[in-house]
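**Q** So you can see what is in the structure, the chains are spelled out below.
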Amino acid sequence: MRIGILAHSFSSSFAMYKAVSEMPAQDVFIVLSPSPHRSALTSYLANLARLVLISLKGPDLEPLRLVVNGRLIFLRGPFHDPASVNTLKKLRLDVGLHKAGVIYRDVTIAAFRLGILNHHIGILPSYRGRSVLEWSILQGDPVGITVFFIDTGIDTGARILISEEVDISDCKSVTEAKEYLFNLDQVFFRKALTLLTGSKPSFQLNDGTGPRYFVMSKLFQEVVDRLLQRME
Amino acid sequence: MEQHSLHALNADDLLLKLNLIAIYASLTRDLRYLDALNYYYELLPLTWYPESIHNWLRVSFVSFYIRALAVHFTQFS
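Chains as they are written, first to last, in our numbering: chain A, 119 to 350; chain B, 2 to 78.
Chain B extracted, bound-state conformation:
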């Protein structure tokens, strides 16, 4: 994502990786995983509609990301 344009990337591959990071981020106390999600979420343009075969990966990514944020927010507070 940092080196190539978003169009050059395989959207399903990218979304699958983000999903896996998001799942792990909610299981670990290591904040680097949550921040990786923040970082890539900030990097994605709001108007990004990937040509994905598995569009549900986008929905599941957002859900897992929110869950990870909630888990760490609970730990902080």
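So here's chain A without its partners, still in its complex pose:
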């Protein structure tokens, strides 16, 4: 299976690359698009610096091998840019792994044979949008992770591959719980890829009927932190 990790930063995508490329029969690429807040040149130089630092820190030759083998691709524009879409199509990728801070457009999603997977720190379809971990705790609902194929909406992609409750009772604060759930992305993406390479992957339906949540206020965040401390 040909996999593309879509990101803005080399550091986060390289960690994912290491986790996924260990799996058998996977052909993994890193596709970096310039950060929305930086110019293409600044983004490129920043990522180049990260690559060198990671290589020296190890020392690890893997980042350099990625460049030599053409597995690290720098896009000059955003993922929906026609030139970027062409590059993605030429790579003939089966699945994309979402590690970038953007909402994808149809043309980008269509460049992947199966689509782009997202690791969402809430249970879909009940919890869409932002601060879903906090809202789940506040409303006494299960906390968990959903891996699903995204569409152009906010967490409305119809095909859910994994939806699993996660125990966060050891976490002392919402920040810690969030970090814990976000850091499970490698584990859950690997699970999802294993399911996809199986003979008949099955999907749950995300009917998109759940409400969309927004960034939570500081007042409610404090309430959630206290609720979490009581759960310990």
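Selected chain B positions facing chain A (Cβ under 8 Å, derived; list incomplete):
{"id": "1", "residue": "Leu-32"}
{"id": "2", "residue": "Arg-33"}
{"id": "3", "residue": "Asp-36"}
{"id": "4", "residue": "Asn-39"}
{"id": "5", "residue": "Tyr-40"}
{"id": "6", "residue": "Glu-43"}
Calculated directly from the structure, the hints in this document are not laboratory data.
We put the CB at the ideal spot given by N, CA and C, even for glycine.
For this one, chain A is given, so just place chain B on it according to the hints.
**A** Chain B only, in chain A's frame:
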């Protein structure tokens, strides 16, 4: 409010919207409306004195907001 400076906004328009959200927040069990009020209340600077034609909208907003908080607090407890 998140994208523009407060001076660039029409204060009456903003206050009217906040009033309507506050009224609805006290009628529904959906906590997102109350939290929207919390969120925007936290975003407003304490020193905000809008150049409003209808200054009473500010007073009514605070009253409806307190009412919404009271309704949900009663439900919680």
